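Participant: Chains as they are written, first to last, in our numbering: chain G, 1404 to 1770; chain U, 20 to 324; chain C, 160 to 634.
If you are wondering where the hints come from, they were derived from the structure by calculation, not from laboratory data.
Accuracy of the hints is not assured; some may be wrong.
[To be verified] Computed, partial: chain U to chain C, Cβ under 10 Å:
# : residue
1 : G77
2 : L80
3 : T83
4 : L103
5 : R110
6 : L125
7 : D297
8 : G314
[Said to hold, decoys possible] Derived list of chain G stretches under chain C, where covered just means 3 residues or more per stretch with a C-beta under 8 Å from a C-beta of chain C:
#  : stretch
9  : 1536-1550
10 : 1593-1603
11 : 1641-1654
12 : 1701-1708
[What the hints assert, rightly or not] For each label pair, taking beta carbons as the anchor points, the in silico distance ranges come out as:
#  : chain 1 : residue 1 : chain 2 : residue 2 : range
13 : C       : L395      : U       : D208      : 49 to 57 Å
14 : U       : A181      : C       : L491      : 50 to 58 Å
15 : U       : M99       : C       : L563      : 57 to 65 Å
Model, not experiment: these values are computed from the prediction.
All C-beta atoms in this analysis are idealised placements derived from N, C-alpha and C, irrespective of residue type, glycine included.
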Amino acid sequence: MASSALALTGLVAIATPAKAADCTGTIAIMAPLTGGVAFIGKEQSGFAQVAIADVNAKNGSKIDFKEYDTQLDAAQAATQAPNVVANKGVIGVVGPAGSQEVLAVGGLFGANDIAVVSPSATRTNLTAGTYPSFFRPIPNDGLQGPGNARYMVQKLKAKEVAVIEEKTAYGTGLAKEFLAEMKKLGVKATNFAVNEKNADYAAVVTRISKTADFVFVTFQDAAKSQQVAQELIKQKKKAVVFGSDGSDQPTFKTPGTYVSGFAPDVSGLQVAASAVAAYKAKTGATSITTFGPPAYVAAQVIAEAAVRACAAGKIGDRATVLAEIKKTKIKKTILGGSLEFTATGDVKGGRFYIFQTQMDGSRKSIG
Amino acid sequence: MDYLGQQLINGLTLGGVYALIALGYTLVYGVLQILNFAHGDVYMIGAFLGFFAMTWLGGPLAPTVPIALMLLVMFLIAMMGTGLLGIVIERFAYRPLRNSTRIAPLISALGISILLQNGALLIFSPSIRTYDTSSYIPSTLGFSIGEITIDSVRLGVLVLSAVLMILLTKWVNGTQVGRAMRAIAYDKDAAVMMGIDVDRVIRWTFFVGAALAGAAGVMNGLLMRGVSSGMGLIPGLKGFTAAVIGGIGSVPGAMLGGLLLGVIESLAQGYLSTNFADTITFILLITFMLFRPNGILGRPMMVKV
Amino acid sequence: MSNLRIGTDEWVAQHEERLASQSPLNKLFARIPLWAKWGSFFVIAFVFGAFSDNQYLLRVGVNLALFLMLSYGLNIVVGYAGILDLGYVAFYGFGAYGYALLSSEQLGQHWPTYITVPFITILTAILGYLISLPSRRLFGDYLAIVTLFFGQVFVQLVLASDNITFPWADDYVDITAGSNGIPGLDTFNFFGFIFDDIKDYYWLLMVSVLILTIAIHRVSATRIGRAWRTVREDALVSEVMGVSVNRVKTIAFVAGATIAGFAGTIFAGMQTSVFINGFDLPLMIMIYAAVILGGSGSLAGALIGATIMTILPELLRVPNYGAILFFVALTLTFFVISKKFNRFLIYVALIILIGFAFQLAMKAIGVTQANAEDWMVGLTGDLLKNWLFVPENRILWGNFAFILLLTLIAFFSIAKPIWKQVLLPFIGFTAIFLWEVRLIADVSTTRQLIIGAMLVVLMILRPQGLFGQTRVEIL
């Protein structure tokens, strides 16, 4: 009697793969948690933590996280990278947030089979194949810049545009792609490169010509986009602001302006509602920007890959997790679309959406 | 001509804000001969206080009181709050170090600055706030002279900065505390021997300087710029620059320096490549300092042998 | 009540220090020969380098060595010669970018290291000389601000030089890659020996620091060192005594610039990338903090200051260390304020009592308690879980506690002694409450808060820095 029960248990034990409850692993979150752009890092970390909790709840796993503050500084990222590698429990990294940080740490992480899934590093050359363990759940600058240019010229019939290029790794790359496309389309585009530290844009707006139809702005802080939009009204200029995805925040709400984003408006998405609510409850934040939800997806990708690795019996094995991430196939992320990675780490079929701001400040998808 | 006029208006508005911050630096330098590096963060707190005052009164979308009253309350709360903060900073970062070298207060002010910035980060959370002025003061409200447009907010800021500067000059020249402050700036030992309560006057100096910075913070918000915990670093730097260009220790110098700096910046951005505007501004300032090492209205530093 | 010290001079002001130096501990310390005190640091550094393979710690060591070199350099300019140079970090950046431009694809140049490093270092020295020229006309705060401008000009120029349009050219010229930075630099390669491990850089830097220490020490005892000190104390008198103030200042500038430039090249080679935002004010402020904390004018001070400013932020990344530091600091503060041991115990007892009272009060009102797992982090959590009531809405309560703590401290500073004693236990409890409820969850911000608080407290306690001498400014 006892022996058959034992045998049965043994059979069951063999038949059941490693239980999900044993599935452990640490996800490193590298983000600017303090410093000038702390709002980006905090939001990314918050969303990533919500994602990990969600995956744990769904699968009974016990994946945890560890925050690493880099202040968007490549040197700090590089200092902390060996720490992340040395932490044996780490199976993947959400972040770093800045493209320059990825340049500093991508090699080291790649050599150690640690997946790097960055929610905001959009520089095009990052997925040129140099970093085999780098992924990003959002499309890169090479898509957004030219895409916006074409839309402006072809759909909105722009004859002349101005560009305000904020000199950051994000802004410069985007502006350059946009300007190159404009040149190809033969439309006049005047570029105004401004310092990131610049707070007042009245002088720049005064400089925008009366005949410009649009002003393409590459700010990461939508308050600046709003300021430019209002200044244009105050100074009675014709141009309308067209913001990149960095401007997709509630503070930018002048009616008639345009914003491009890589997802339909997350706050309006049903699938994202619970994640956003959980984030707000957790951190006390009252609004979200576009920087948060991709971090959710990034963490989700790593966590789910880890769960699959556990199911295959390889708990906390970096190489397996990395391989699983490459095979990611999520039907519907909170960004509204499906998610699959190309061979070099970009989103398959990534596209940009264009929105127009309505009278009440909400965004309406138009393309 | 119109273009120049518009840029001048932009520059003067910007300069007005810089001047208010510069005044705080110059007042403190006059009495204590130190540079208050925490001043920029006082400006930041002022902006936050104004924001919270506005939300408390229901704004920006649903103000419960008339707009004029709301603005008044915002300014009052911000200025009172920052004034008090100025006194606290003096008490903790500067008073204990009054008899030590000039460099030590720099570091303790630095510590206060870090505390203020991260304290704000902790309590207010990192999201960037805006005053959303256009919701209750439409951007189309204003008047034009020819092609030059001056919207109401800009006009208000210009007028208010001028009023505050005039009030300050009256305070410095007319009241007893103001005169005592100038006496201390001239010769602290003699002032003590004349029976002036140095501690009290220094407290007042910090209060007034900080309150002006607080007003500047609210103005900044009303001009549609974002409010965040790190916003004080650059304006603090610019205010410091303006104070020194005008001649550190001189009140009219700070005002002049601030306005000049604002105008130079706007003109540089308006006429030169925006890319190099900042570089050229600094080069101009360096050249200026080389020819007038004591600033515009500064007194040559007398060195006692 | 004015705090005027009439008739104070340095001899009087240094009275306390002389008394302290008579104590047996200090006498013992003074008897250890100089080379032994310095040697201990380097012995530890070398032993560590020889036996450790911990990449993170080696990297921290590299950061420390670089920071040390910068502190030495600034110490010469500010501490020895008394020049307030607020743009010093630009020399570091210049060295780094100079190396980057000669060792990357940006300009297509790949010069061999044994040429690049000396070349850029000398260039930086020349730059230092050029910048020292305006300093002949300027003094004190005015010099400070001009050097600040120079520093900003450097940063802005690098940022802007990725987009230089000449009127005759159609396309733009990109020299410095602006905000994108220059990645993919060649690592050091001395005659075939490739620096491909962080340890190689560690050794290079530690040896450089050793040589630099000896060199600066020697120099400060020579004529030029004495000349620096005289100029610092009183430039007018030095001029009268025949010291060419301008020449002395220039030498200080050039020396500081050379050190920074050299450090910059090593930094660029090690990180194999340069980004301009790493050479701006935040770093400048940190170097100043290190030099002044340690005591400007003292080489040992620069060493200690640099060590604190590098190691402490790294230590504080780990919540447990932060917690230990916090509680130790809190205990020490109360200990010092109490003066008597019995009083200290009474305060502790009162704090514990307040804690329990708080718990009862909260439960009576019906405030929900936070999930124990959420906040029981680290060893302190285990100790306190039965005593401290942590409400569920931690952010709200945390903010409230922060403001309350600040208010209590403000009242404490102006209160009469009897009220001070009453307020103290409440301050202690609020601090612990704040720590457990909010700060411990927000490690990165807390880290900065601790650094800021430390700077203020250290300056108030010891304004001359750890190794500085009390100096009195006679205006």
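Participant: Could you run down the list of hints and mark each one as holding or not?
Facilitator: A quick look at each hint next to the structure:
1. G77: violated (21 Å)
2. L80: violated (24 Å)
3. T83: Violated, because the Cβ-Cβ distance from T83/U to chain C comes to roughly 24 Å (cut-off 10 Å).
4. L103: holds (9 Å)
5. R110: holds (6 Å)
6. L125: holds (7 Å)
7. D297: Holds - the Cβ of D297/U comes within 10 Å of chain C, reaching about 4 Å at its closest.
8. G314: holds (7 Å)
9. 1536-1550: n = 0 at 8 Å, threshold three: violated.
10. 1593-1603: With 4 residues closer than 8 Å to chain C, the stretch 1593-1603 of chain G meets the three-residue bar; holds.
11. 1641-1654: violated (count 0)
12. 1701-1708: Contact hint for the stretch 1701-1708 of chain G vs chain C: violated, 0 residues under 8 Å.
13. L395/C with D208/U: 49 to 57 Å: Given range 49 to 57 Å: violated, Cβ gap about 21 Å.
14. A181/U with L491/C: 50 to 58 Å: holds (52 Å)
15. M99/U with L563/C: 57 to 65 Å: violated (20 Å)
In this structure, the earlier hints numbered 1, 2, 3, 9, 11, 12, 13 and 15 are contradicted, and the remaining ones agree with it.
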